[in-house]
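Chemist: Here are the chains, one letter per residue:
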Amino acid sequence: MAKVTIDGATIEVPDGTTILNAARQIGGESVPPAMCYYSTLKESGGKCRVCLVKVAQGSTKDPRPMPKLMASCRTPVMDGMVVQSITSPEVLEARKSVVEFLLINHPLDCPICDQAGECDLQNLAYKHGVAKTRYEEERRTFEKIDIGDKIKLHMNRCILCYRCTFVANQLTDNRVHGVLSRGDASEISTYIQKAVDNDFSGNMIDVCPVGALTDKTFRFKSRVWFTNPMDGHRNCPKCSGKVVLWTKGNDVLRVSARTDQYNEVKEFICNECRFEHKNMNDWTIDGPRHIDRDSVIAQNHYERTDLQKLKLEIDRQIEFEKGKQLPEPNPSLTA
Amino acid sequence: MSKKFLLEHVNVPRIETINVYREKGGYAAVEKALKTMTPDQIIDEVKFSDLRGRGGAGFPTGLKWSFMDRKSDKPRYLVCNADESEPGTFKDRYLMEKLPHLLIEGMIVSSYTLGAKAAYIYIRGEYMYIVRILEKAIEEAYAAGYLGKNILGTDYSLDLYVHPGAGAYICGEETALLESLEGKRGNPRLKPPFPAIAGLYACPTVVNNVESIASVPTIINITADKYNDVGIGKSAGTKLISASGHINKPGVYEIELGLPVEDFIYSDEYCGGIWKGRKLKAVVAGGSSVPILPANLIITTAKGEKRLMTYESMADGGFVSGTMLGSGGFIVMDETTCIVRNLWTFARFYHHESCGQCSPCREGTGWMEKVLHRIEHGHGHMNDIDLLVDVAKKIEGNTICPLGDAAAWPVASAIRHFREEFEYHVKYPEKVKDPKHFEKEPFEREALMVNG
Ligand SMILES: Cc1cc2nc3c(=O)[nH]c(=O)nc-3n(C[C@H](O)[C@H](O)[C@H](O)COP(=O)(O)O)c2cc1C
Ligand code: SF4
Ligand code: FES
Numbered sequence: 000m001a002k003v004t005i006d007g008a009t010i011e012v013p014d015g016t017t018i019l020n021a022a023r024q025i026g027g028e029s030v031p032p033a034m035c036y037y038s039t040l041k042e043s044g045g046k047c048r049v050c051l052v053k054v055a056q057g058s059t060k061d062p063r064p065m066p067k068l069m070a071s072c073r074t075p076v077m078d079g080m081v082v083q084s085i086t087s088p089e090v091l092e093a094r095k096s097v098v099e100f101l102l103i104n105h106p107l108d109c110p111i112c113d114q115a116g117e118c119d120l121q122n123l124a125y126k127h128g129v130a131k132t133r134y135e136e137e138r139r140t141f142e143k144i145d146i147g148d149k150i151k152l153h154m155n156r157c158i159l160c161y162r163c164t165f166v167a168n169q170l171t172d173n174r175v176h177g178v179l180s181r182g183d184a185s186e187i188s189t190y191i192q193k194a195v196d197n198d199f200s201g202n203m204i205d206v207c208p209v210g211a212l213t214d215k216t217f218r219f220k221s222r223v224w225f226t227n228p229m230d231g232h233r234n235c236p237k238c239s240g241k242v243v244l245w246t247k248g249n250d251v252l253r254v255s256a257r258t259d260q261y262n263e264v265k266e267f268i269c270n271e272c273r274f275e276h277k278n279m280n281d282w283t284i285d286g287p288r289h290i291d292r293d294s295v296i297a298q299n300h301y302e303r304t305d306l307q308k309l310k311l312e313i314d315r316q317i318e319f320e321k322g323k324q325l326p327e328p329n330p331s332l333t334a
Numbered sequence: 000m001s002k003k004f005l006l007e008h009v010n011v012p013r014i015e016t017i018n019v020y021r022e023k024g025g026y027a028a029v030e031k032a033l034k035t036m037t038p039d040q041i042i043d044e045v046k047f048s049d050l051r052g053r054g055g056a057g058f059p060t061g062l063k064w065s066f067m068d069r070k071s072d073k074p075r076y077l078v079c080n081a082d083e084s085e086p087g088t089f090k091d092r093y094l095m096e097k098l099p100h101l102l103i104e105g106m107i108v109s110s111y112t113l114g115a116k117a118a119y120i121y122i123r124g125e126y127m128y129i130v131r132i133l134e135k136a137i138e139e140a141y142a143a144g145y146l147g148k149n150i151l152g153t154d155y156s157l158d159l160y161v162h163p164g165a166g167a168y169i170c171g172e173e174t175a176l177l178e179s180l181e182g183k184r185g186n187p188r189l190k191p192p193f194p195a196i197a198g199l200y201a202c203p204t205v206v207n208n209v210e211s212i213a214s215v216p217t218i219i220n221i222t223a224d225k226y227n228d229v230g231i232g233k234s235a236g237t238k239l240i241s242a243s244g245h246i247n248k249p250g251v252y253e254i255e256l257g258l259p260v261e262d263f264i265y266s267d268e269y270c271g272g273i274w275k276g277r278k279l280k281a282v283v284a285g286g287s288s289v290p291i292l293p294a295n296l297i298i299t300t301a302k303g304e305k306r307l308m309t310y311e312s313m314a315d316g317g318f319v320s321g322t323m324l325g326s327g328g329f330i331v332m333d334e335t336t337c338i339v340r341n342l343w344t345f346a347r348f349y350h351h352e353s354c355g356q357c358s359p360c361r362e363g364t365g366w367m368e369k370v371l372h373r374i375e376h377g378h379g380h381m382n383d384i385d386l387l388v389d390v391a392k393k394i395e396g397n398t399i400c401p402l403g404d405a406a407a408w409p410v411a412s413a414i415r416h417f418r419e420e421f422e423y424h425v426k427y428p429e430k431v432k433d434p435k436h437f438e439k440e441p442f443e444r445e446a447l448m449v450n451g
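From first to last, the protein sequence lines stand for chains Z and B. Each residue of the first sequence is one higher than the last, beginning at 0 in numbering that gives the first Met the number 0. Each residue of the second sequence is one higher than the last, beginning at 0 in numbering that gives the first Met the number 0.
Treat the hints with care, as some may be off.
[To be verified] Below, in silico cross-link-like pairs of lysine-lysine (DSS-like), each with a Cα-Cα straight-line distance of 30 Å or less:
hint	chain 1	residue 1	chain 2	residue 2
1	B	369	B	426
2	B	148	Z	60
3	B	183	Z	131
4	B	190	Z	131
5	B	148	Z	41
6	Z	143	B	46
7	Z	67	B	302
8	Z	60	Z	143
9	B	46	Z	53
10	Z	60	B	426
11	B	426	Z	149
12	Z	67	B	148
13	B	70	Z	126
14	Z	131	Z	149
15	B	426	Z	131
16	Z	41	B	46
17	Z	308	Z	265
18	B	248	B	70
19	Z	41	Z	220
20	B	369	Z	67
21	B	190	B	34
22	Z	126	Z	41
23	B	426	Z	321
24	B	116	Z	60
25	B	3	B	70
26	B	148	Z	95
27	Z	131	Z	193
28	B	183	Z	143
29	Z	67	B	426
30	B	2	Z	95
31	Z	2	Z	95
32	Z	308	Z	151
33	Z	265	B	183
34	Z	143	Z	41
Read the hints as simulated data drawn from the structure, not as lab findings.
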């Protein structure tokens, strides 16, 4: 066991636990955001750099601080380690930088993107990003392609987290897509179009943190926040059969796997459950889906806000338009 | 003449053949090491020699070897990094082309020391003709009993392979190199674990530069004491420098560490001064990744001491007024050079070579290149200059591998030392329209230039 202190809170976790997972056990605001790490996919993480934290003390044995910020998702804790997440201005600065980097080539086509409302990048940008861009160059673009008959790839939106390649490696028996080229010309692709055809390929859609991989059977059907998510299950010989049904009236618009509070799927589902059962009668309803953390969908439950607060928020936006630094958002409106 | 440990026989006709190489004392180190020394003795010898990695980082070679998990029951590997792709660096090419057996001899002694039964030379794909030279030399070494089963009748056996890369600078980063050698996409790995614990095929592995490995036979032959008689302090022995740019005699030179930079640039033994009688403007002293220094700071440190070709003296002044010895890619620029254009060229390189795994490097390198392109072509704004500094700062230290830093340092240092020149590009877009803008009318900043 190792004792680790994160932003002042101490917890004891088994050896080998990563800083990120230790922080998740503590919970709260100190949990670093994660765009590429995915707890159920081995070898994931380390790439997006948004989870960087400062290790102020390496361990009891070797108390030296680590010279650079560390990717919390891939750095194991040591006994006596002291970590700073939101208590380090350096970390907050680095997070903000990473968000900026992730956004410079991102198309910002949220108004027409199916992922909007349940997009990790959207949430992250809202929390850490700045409202103005300093990037005035042309954005890189790719053609949209069908990588399987049920999956659309919008490479423009991809942040190269590599999660979908881990899904293909770890859940299916044959990976037929991967990363081609390098640098900012890298793209997720198949060698042959529509090549992805496997019983578990649909999970690539769920692990994608942005709208790069979307469900073709749900394309442009509805904004997610107008749907009514319900937990449901069926007896499936291939997977757990535990899903979320995104419904409107009596129609099932989309089926996805259940995710936890960090938007991670713990039990992957098969393509039959995902794509072939769009009928309420196929499912036993377990109850309404609880959408936690950050999500715009969670804000579907509109509340009457008091006008005084609303005025403050409007003033804040006006100040910003005048070119001033954006003050902190009004917590009652963004929580 | 200074001591030559590596290139002493480089001009001997047919030195690339095993017979001539042996006539000149070649393979004596294999005899001595395998027959009279234990691996521990050799590690100690290399440690005492103060040999430091010649690939760029200057990490003590003996110390690196001692980290290798030699108790592990897994196979162990030695991998020679011959990917040499850093702009301005071309010393390994010269060494391998002229003296393939020196590298092979070093590989045998080093592999014996580390207990490796298989060793690889990972060479950049563009050096295809050297692959053939090495393969021919390896064939000769097998035939002469220096490679293969029971080398020289001892119970040590070794197989040596040459593996060409496919043209990616990033595959010179040691963990990307190992991925590539395993047949995968050349993405750097997250560290730890370091290769000494889990390297090639997750087995203990040492990765060393060509020149580091080629220095080992000398250390064995003449002993560590004699080796570190040459050099100053922790910068021991000799170093190959690839000198290029606006000098009278570009080429690969073997210098004794400790040589004053001024002597290296101006003496006839080496670069022979600045060409066309022009003034020296700036030097990138250790390959494109290291900070650029203006003439005054490369000749003397900020403290007013003569700057020497050593790891320590080059770094004197940190990143404010110093640089790094790096891989020894010494790029000299005369007064007609446009620093912005040079930096744009470097930025274009890093943008092109980023593996794209981590967001700061993937996105930041392209951003910097585009902004530099604008400035150089007369479309920049004043705040672009600070933007560049800021983007560089946000990449540095936040990436998986040092390529991010390598892309950021040149930008930060060029603006630190030559800010007026960037401002000039913004203020006078008309004057920089001609790509050779400073050739006719050098950008005047007398204080920083040194007369030839
Ligand atoms: C982007 C990048 C490229 C590199 N390219 C080379 C190279 O071409 N040759 C080389 O010897 N080392 C290169 N290195 C350094 C290696 O990672 C490694 O430190 C070196 O091979 C170790 O050998 P040494 O200790 O003998 O110097 C590179 C490093 C980075 C980050
Ligand atoms: S720093 Fe650049 S080259 Fe290195 S791993 Fe990250 S993206 Fe790849
Ligand atoms: S979540 Fe840790 S680097 Fe992406």
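Chemist: All hints are to be evaluated individually against the structure, with a verdict given for each.
Modeler: These are the hints, each one checked on the structure:
1. Only pairs whose Cα atoms come within 30 Å are accepted, and residue 369 of chain B paired with residue 426 of chain B is accepted, the gap being roughly 19 Å.
2. Simply put, residue 148 of chain B and residue 60 of chain Z have alpha-carbon atoms about 45 Å apart, too far for the 30 Å limit, and the pair is violated.
3. Distance restraint check for residue 183 of chain B and residue 131 of chain Z: the Cα-Cα separation of roughly 39 Å exceeds the 30 Å cut-off, and the hinted pair is therefore not satisfied.
4. Taking the CA atoms of residue 190 of chain B and residue 131 of chain Z, the gap is near 35 Å; set against the 30 Å cutoff, the hint is violated.
5. Simply put, residue 148 of chain B and residue 41 of chain Z have alpha-carbon atoms about 40 Å apart, too far for the 30 Å limit, and the pair is violated.
6. Between residue 143 of chain Z and residue 46 of chain B, the direct Cα distance comes to roughly 56 Å. Violation of the 30 Å bound is thereby established for this hinted pair.
7. Proposed proximity of residue 67 of chain Z and residue 302 of chain B is supported: the alpha carbons are some 29 Å apart, at most 30 Å.
8. With a CA separation close to 52 Å, the supplied pair residue 60 of chain Z and residue 143 of chain Z exceeds the 30 Å bound.
9. This hinted pair does not check out: residue 46 of chain B and residue 53 of chain Z have alpha carbons roughly 34 Å apart, beyond 30 Å.
10. Proposed proximity of residue 60 of chain Z and residue 426 of chain B is contradicted: the alpha carbons are some 56 Å apart, above 30 Å.
11. For the hint linking residue 426 of chain B to residue 149 of chain Z, the alpha-carbon distance of about 54 Å lies beyond 30 Å, and the restraint is violated.
12. Between residue 67 of chain Z and residue 148 of chain B the alpha-carbon distance is near 46 Å, which puts this suggested pair outside the 30 Å criterion.
13. Only pairs whose Cα atoms come within 30 Å are accepted, and residue 70 of chain B paired with residue 126 of chain Z is rejected, the gap being roughly 49 Å.
14. Straight-line distance between C-alpha atoms of residue 131 of chain Z and residue 149 of chain Z comes to about 36 Å, which puts the hinted pair past the 30 Å bound.
15. The suggested pairing of residue 426 of chain B with residue 131 of chain Z holds, with an alpha-carbon distance near 26 Å, which does not exceed 30 Å.
16. At most 30 Å may separate the alpha-carbon atoms for a hinted pair to count; residue 41 of chain Z and residue 46 of chain B exceed this at roughly 39 Å.
17. Taken as a hint, the residue 308 of chain Z and residue 265 of chain Z pair is broken in the structure, with Cα atoms around 39 Å apart against an allowance of 30 Å.
18. As the CA atoms of residue 248 of chain B and residue 70 of chain B are separated by approximately 49 Å, the hinted pair breaks the 30 Å bound.
19. With a CA separation close to 33 Å, the supplied pair residue 41 of chain Z and residue 220 of chain Z exceeds the 30 Å bound.
20. For the hint linking residue 369 of chain B to residue 67 of chain Z, the alpha-carbon distance of about 27 Å falls within 30 Å, and the restraint holds.
21. Proximity of residue 190 of chain B to residue 34 of chain B is assessed by CA-CA distance (about 37 Å); at most 30 Å being required, the pair is judged violated.
22. Using a Cα cut-off of 30 Å, the hinted pair residue 126 of chain Z and residue 41 of chain Z holds, with the two alpha carbons roughly 28 Å apart.
23. A C-alpha spacing of about 28 Å is found between residue 426 of chain B and residue 321 of chain Z, which places the hinted pair at or below 30 Å, so the restraint holds.
24. Among the hinted pairs, residue 116 of chain B with residue 60 of chain Z is inconsistent with the structure: their alpha-carbon atoms are about 36 Å apart, more than 30 Å.
25. A hinted pair counts as satisfied when its Cα atoms are at most 30 Å apart, and residue 3 of chain B with residue 70 of chain B does not qualify at roughly 37 Å.
26. Between residue 148 of chain B and residue 95 of chain Z the alpha-carbon distance is near 57 Å, which puts this suggested pair outside the 30 Å criterion.
27. Proposed proximity of residue 131 of chain Z and residue 193 of chain Z is contradicted: the alpha carbons are some 38 Å apart, above 30 Å.
28. This hinted pair checks out: residue 183 of chain B and residue 143 of chain Z have alpha carbons roughly 26 Å apart, not beyond 30 Å.
29. In summary, the hint linking residue 67 of chain Z to residue 426 of chain B is not supported, as the alpha carbons are separated by about 38 Å, beyond the 30 Å threshold.
30. Annotation: proposed proximity of residue 2 of chain B to residue 95 of chain Z is violated, straight-line Cα distance about 53 Å (limit 30 Å).
31. Our distance criterion of 30 Å between C-alpha atoms is met by residue 2 of chain Z and residue 95 of chain Z, whose separation comes to about 29 Å.
32. Under the criterion of a C-alpha separation no larger than 30 Å, the hint pairing residue 308 of chain Z with residue 151 of chain Z is inconsistent with the structure, at around 41 Å.
33. A hinted pair counts as satisfied when its Cα atoms are at most 30 Å apart, and residue 265 of chain Z with residue 183 of chain B qualifies at roughly 28 Å.
34. Distance restraint check for residue 143 of chain Z and residue 41 of chain Z: the Cα-Cα separation of roughly 28 Å lies within the 30 Å cut-off, and the hinted pair is therefore satisfied.
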